[in-house]
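Enquirer: Here the protein sequences come in this chain order: U and W. Counting from 1, one number per residue, gives the positions in the first sequence under the numbering used here. Counting from 1, one number per residue, gives the positions in the second sequence under the numbering used here.
A few of these clues could be false.
[Said to hold, decoys possible] Covered stretches of chain W, as calculated for chain U (at least 3 residues, CB under 8 Å):
1) 8–17
2) 48–56
3) 264–276
The set of hints was computed from the structure by calculation and includes no laboratory data. The beta-carbon is built from N, C-alpha and C at its ideal position, and this holds for glycine as well.
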Amino acid sequence: MIFSLIMQGNMSRKLHARRIEGIDKNIWVEFSQLAADYKAVNLGQGFPDFSPPHFIQEAFCKALNGGFSKHQYTRAFGHPNLVKILAKFFSRIVGREIDPMEDILVSVGAYQALFCTFQALIDEGDEVIIVEPFFDCYQPMVMMAGGTTCLLDLRLKEGCGPVLSSADWVLSPEELASKFSPRTKAIVINTPNNPLGKVYQQEELHMIADLCIKHDVICISDEVYEWLTYDGTKHVKIASLPGMWERTVTIGSAGKTFSATGWKVGWAMGPGHILKHLKTVHQNSVYHCATAAQEAVAVGSQREYDVFGTEGSYFQQLPKHLHEKRLRLADCLKSVGLKPVLPQGGYFMIADISNLNVDLADPSTKDEPYDYRFVKWLIKEKGLATIPVSAFFSPEHKDEFQKYIRFCFVKNGMFCSYF
Amino acid sequence: MASIKHKNTKRIEGLDKNVWVAFTSVAADPSIVNLGQGYPDIPPPSYVKEGLAQAAMVDRLNQYTRGFGHPTLVKALSKVYGKVYDRQLDPFKEILVTVGGYGSLFSTMQALVEEGDEVIIIEPFFDCYVPMVKMAGGKPVLIPLRLKGSSGTASSVSSADWVLDQEELASKFNSKTKAIIINTPNNPIGKVSRSELQAIADLCIKHDTLCISDEVYEWLVYKGHEHVKIATLPGMWDRTITIGSAGKTFSVTGWKLGWSIGPEHLIKHLQTVMQNSLYTCPTPLQEAVGQGLLRDFELMGKPDCYFTSLALELEGKRDRMAAMLRQTGMTPVVPEGGYFMIADVTALNQDLSHMGDDEPYDYKFVKWMIKEKKLASIPVTAFVGEDSVKQFEKYIRLCFIKQESTLDAAEAILKSWNKD
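So that you can see chain U by itself, here it is in the shape it has in the complex (with noise of 0.2 Å):
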């Protein structure tokens, strides 16, 4: 008998949860294997090619050299030093008093704050709404928490001149407003936006504020690229409207503010009646995050705070830094026959790539969207890797925009030379 139930391999019960039902399939997964596989160059994931600055570099050297409680378990709702200078550093920002202790919550990385989010808000029959084009990973988390998500599009608007900008992307205020019903538990904002580097003005703000006060709505705002946008673009937080800070979550990023996104550390802020039940969460999934990341982030922080609006911040520096290479991307991609979306503010860019008349012969890749072929051929033949634009899209709006993809600019390498 023992014998056969060997033979038998796999269990004959159902074995995985509803939960992770149709949230299996990833498309980072997919692609960075691809762009390994093939050598590519990467201007698909984002993550910086260069080193994070040296201050903090430095800061987490003196950290995990100083002393045995550097490497043993922290608070588990955050490093008192982190939280402290963060709360410091945002309440300058936001114009209110926050508590480290309450309305903070260290995470791993920004990611895992979205995660702490929606478990601890989002019930079976909660309705979410995301604004498309989305990161990727807000739809599954809904469904992971048994929400059911409402989409709302950003739309070119009228009359755009030749060269595109993200600005020119944006909600319509009634089909905004439509969006909104009595079971709706939160919407998600991100900004400045990833794919298309949008930057929210204070007027769209504030018309996504008032709704939210109106049917009494969440806000989740995700603002890991908060530090760099361009040409004068300023980020604004809408946590630090009237009537927002009680109902916003704020999501940060150590690993997009320092460049060093293998650090993984994150922070959700806001009121604490709404925090404490993000660390429910948190104590109940990964109880603690790595230390020495902690105190690294901390001092590098502090040492923001010290410079903040002066030359000498990193703050400003970066994205001056990333202007130029913006701007030398976008002739590149014209150069080839791309139409370019000059974004305000993030990582990335978008490309039209309909002018291209590529034969895309491939079998393999013969029922996906154009722009998955397009990404797949572009890294198999010419060797580099982008991301396909309609992947930031529900699988019920893929087909509306197949004709974008996504390029990393975040790059010292002389990306020009592949084109």
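Model the placement of chain W on the given structure of chain U, informed by the hints.
Expert: Frame of chain U; chain W shown alone:
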């Protein structure tokens, strides 16, 4: 006033309390000798720290790595555990790197447990198992370890004296049983399961149940005892997730890296949870752990392998702590593994009636001991369900992975116990 829409979701209802949040802040007072929370105050091995410093110098290692585990690390894990399991482990399909052993437990529950599922948990249990099963919608089914045999005061009790009643165990399994969680070496008792594993395996196979085996203390097993992986028993590989921890392996609990090892058809579901919860773990830490594992892989079985040398160092501390506790009049349960020891405080006859009626005796004792003796520990009923409180409320848990000066300070307190 907070909106009704700002209330917590059903999945976390009642899961906000946590014994650690309560006790760690109390024990943070530096005048208190902290034998409570389980972390070393001894330094990690220098080559592990150096590995991290080196990794941080490489640009690419400060950026995102592979979501399911950094290649250097998963390959090193497959080497080390390939040897331990005596089987080929696919680093990409049979291993998932997580945020500590905790993260592996969470990924496993979220992936494999849902409403309608029952999960058997053996008391005393690491306290997160029950809330995690509940958060996944499952129903925890508890069964206590019981002290076997002799009545009267035995001055030397071992964790091996705590056993499962076989009939009781069998009675807990039914068609709804999705999984059983085992923890060996066990926290808090320190029991290292061996003969029980076959009985558990037989029941898992009979009822087609999963086994979640938390083995974070796997290298910390003392003389005369052997750690056995239930996944190596016949019929068990296909239904077992085994959990390990870099924090416990290399004395770096603050690095929060762990792993799940199991068959592809189970690991793939944990990977789905990972990619929808935090996506990837920190890169430089994973690189350093991978390098550390490769270094110790070469030394496996030799005395200067850290896995061996740490166990040897801790055995001395274990025996020292047991002696100190006995001297005071407590009855320690000498653990076969792990870095905790529980002790029975009954014989001290400490009257705590002035502390009220609303908490189990051990909670009151621990609070009293912190206040009056400046010595911190953890109440063992934090690790059991309501029905077993009476059985365990005379026990406190102490952590002995502490440097000699900490143990000296504890000894001074314990020696002068009866002098007040």
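Enquirer: With reference to the structure, classify each hint as holding or not holding.
Expert: Each hint tested on the structure:
1. By the rule of at least three residues with a Cβ nearer than 8 Å to a Cβ of chain U, the coverage given for the segment 8–17 of chain W holds, with 7 such residues.
2. Counting residues of the segment 48–56 of chain W whose CB lies closer than 8 Å to any CB of chain U gives 4, which reaches the minimum of 3, so the coverage claim holds.
3. Requiring three or more residues with a Cβ within less than 8 Å of a Cβ of chain U, the coverage given for the segment 264–276 of chain W holds, as 8 such residues are present.
Checked against the numbered hints above, the structure violates none of them.
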